[in-house]
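Make the full structure from the sequences, and use the hints.
Protein sequence lines, in the order shown, are assigned to chains H and P.
Numbered according to our numbering, the first sequence terminates at residue 363, and the numbering increases by one at each position without gaps.
Numbered according to our numbering, the second sequence terminates at residue 1363, and the numbering increases by one at each position without gaps.
Among the clues, some could well be false.
[Said to hold, decoys possible] Covered stretches of chain H, as calculated for chain P (at least 3 residues, CB under 8 Å):
hint: 1; region: 12-22
hint: 2; region: 67-80
hint: 3; region: 226-233
[Stated by the list, open to error] Listed below are several chain H residues computed to face chain P (Cβ distance under 10 Å; list not exhaustive):
hint: 4; residue: Gly7
hint: 5; residue: Gly36
hint: 6; residue: Thr237
hint: 7; residue: Leu244
Honestly, the hints are just simulated from the structure, not real lab data.
We put the beta carbon where it would ideally sit given N, CA and C, even for glycine.
2 protein chains.
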Amino acid sequence: MISMAGGLPASSLLPVDLIRTSCASLADHRELFQYGASRGYSPLIATLNKLYPEQNNPWLICNGSQQGLDLIARAFLNPGDGVVAEIPAYLGALQVFQLSVAQIYPLYHINENGESESQPDLIQLESHFKTGKVKLFYAVPDFHNPTGRVWAEDTRIRVSNLCRLYGVMLIEDSPYRELRFSGEQRSSLTALYPEGCISLKSFSKTGFPGVRLGAMSGPAEFIAIAERIKQATDLHTGLPQQALINALLNHPKYPDHLAHLRNSYKSRHQQLRSELIKQLGNQIQFERVEGGMFIWLKLTSASGTNVAARALEQKLAVVPGAAFYPEGVIAEDNAIRLNFSNTDPSLIPEAVSRLARSFCSLS
Amino acid sequence: MISMAGGLPASSLLPVDLIRTSCASLADHRELFQYGASRGYSPLIATLNKLYPEQNNPWLICNGSQQGLDLIARAFLNPGDGVVAEIPAYLGALQVFQLSVAQIYPLYHINENGESESQPDLIQLESHFKTGKVKLFYAVPDFHNPTGRVWAEDTRIRVSNLCRLYGVMLIEDSPYRELRFSGEQRSSLTALYPEGCISLKSFSKTGFPGVRLGAMSGPAEFIAIAERIKQATDLHTGLPQQALINALLNHPKYPDHLAHLRNSYKSRHQQLRSELIKQLGNQIQFERVEGGMFIWLKLTSASGTNVAARALEQKLAVVPGAAFYPEGVIAEDNAIRLNFSNTDPSLIPEAVSRLARSFCSLS
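Right under this line is the structure:
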């Protein structure tokens, strides 16, 4: 079986060598094994302040950015509250909002004037805000999961202004932001709307998903509420794992690791892109991505669900696009999501051959 | 400042030496740094099955037993559902139930016939159950926090039968169970009521609180629901920390560590007990405890809140008993909780002198 289904980083590129020494000395730091503070391990917080100087708000360390999302939902959503989410959307976020019995307001992307990038439909966004029921806008502006899309600079400014105007809290979930392998980095939403934006950082895509560590930052009064829930939920995030991530982020070779990761993903993406064009030609359409882990493959005349099912028979796992739609929203069944970060480059031609055979076996 | 306020294990007794080698080899196990299963790390689950043969139900690994409680509350409680809790109670549990907007039904302990042990009032318990509104009974039958009490064998059987009769889910929270330093171990509730009991295990009192690792087990259908919430909440508990706790539990010297911990706490308890009798005499009353971390000190004629405030002026931190009552329940202000596990034995006489001075300064 070849899997292009998950959102896993490449196992062979996990930077375990950069924390080897820190692992070995963990047991010398007895204080890491006693209870700690709910807010987080202060040396790690100091590192985050150094790494993200644009973020002037306080931090709360969590068990992956997934827990950050859950804390936000529990802190700020009452049943029936509205949450805008770009559709298709990250399933893990939708699950959290559904646990809070929130009402999802779907936001679609449009492609005006045949430009290269689709952008969120801001007229639709404002009409959602005008209902007066929207409390949060959940956004993944950099290399969105599943579509790989990036918001234009102008979109970022206009969204921030709309959120400010309507008093909507903006959640900037950016696990892939540091995986940009071409093009220019754009402004973070938190820099544009510091008084109403909560930013979620993940170390699962650039560091170690298995450690489950992320961080959130936002206006002090928001973070204080989330911290109280965090304390009731699990007291605090474990200290040895915070110390390991802190060691990784401070390692002199961490920037080299990031550069190597970006180059590797750029090359995997390019290879997958070439094979798709070569082997599937006009059966598919897709936008060029500049980072992240995914290609969103539009199928010109096949069902994503059918292709994914046939691919499994060919021993290739992919996720049908319809899986990324919340309950109650009509799913488009004309896409599949392909992950390129976790597939060994030597397997990419064979993976695409299996995908091509899945298309053939449909007719 | 001397603190007898928290529920911390002795820092000097944390078994860091038993995991030194495992820490050093963490980085050789690349698979621990990739995403894992929501249910938990299978070698750790295999260890739990070996350590707790009485537990035939499946396990779910969580970020401390605190997260287990939170998952139970989120999985099974709707706003207004009833939860019976022994009063006074562990604050962290009350916070979780309050987040779920549950209704707390207080259960008091009574002392029939002047016996040495107070026991939960089972007539009151059944009258709560008869309302038909109670979904969960949250119980700490071994070395209860804050009172240090242990349920008699007969109480365990009768409570299990009542829960079975009224279809109430029983939560057995037993972080202190393995800290018995005298007397005989009693039956676990889960052994008496396997079809309706969820058992919470903690490695914070016998292992490392800073790692934040616990486990819950219960009927398969309950655990499956809790696992879905766990997945939405934070995907899974970190793997390196599961591997470290697994190494600790399997270390050939772990039983010796437990024995040493119990002996040390027995001696600290005995020393605190002697000093209290010597220095405070008839100003206090307290039951002898056979394990755990706390003495519940009843004050014959002083207010717990006042004594705790005066103790702070003497640089001694203790928690007033009134802090262990949920909102809406009238708090008795005639007790303080003293922790004996985290206080260095050499400081115990001085700590009690400060406490005695706090009493004097009241008059």
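Evaluation of the provided hints:
1. Counting residues of the region 12-22 of chain H whose beta carbon lies closer than 8 Å to any beta carbon of chain P gives 5, which meets the minimum of three for the stated coverage.
2. Note: the region 67-80 of chain H has 3 residues with beta-carbon separation from chain P under 8 Å; the three-residue rule is met and the coverage holds.
3. By the rule of at least three residues with a Cβ nearer than 8 Å to a Cβ of chain P, the coverage given for the region 226-233 of chain H holds, with 4 such residues.
4. A least Cβ separation of about 9 Å between H:Gly7 and chain P falls short of the 10 Å threshold, and the interface hint therefore holds.
5. Checking H:Gly36 against chain P by beta carbon gives a least distance of about 6 Å; that is within 10 Å, so the hint holds.
6. Hint status for H:Thr237: holds, given a least beta-carbon distance of 7 Å to chain P, under 10 Å.
7. With a least beta-carbon distance of about 7 Å to chain P, the hint placing H:Leu244 at the interface is held under the 10 Å criterion.
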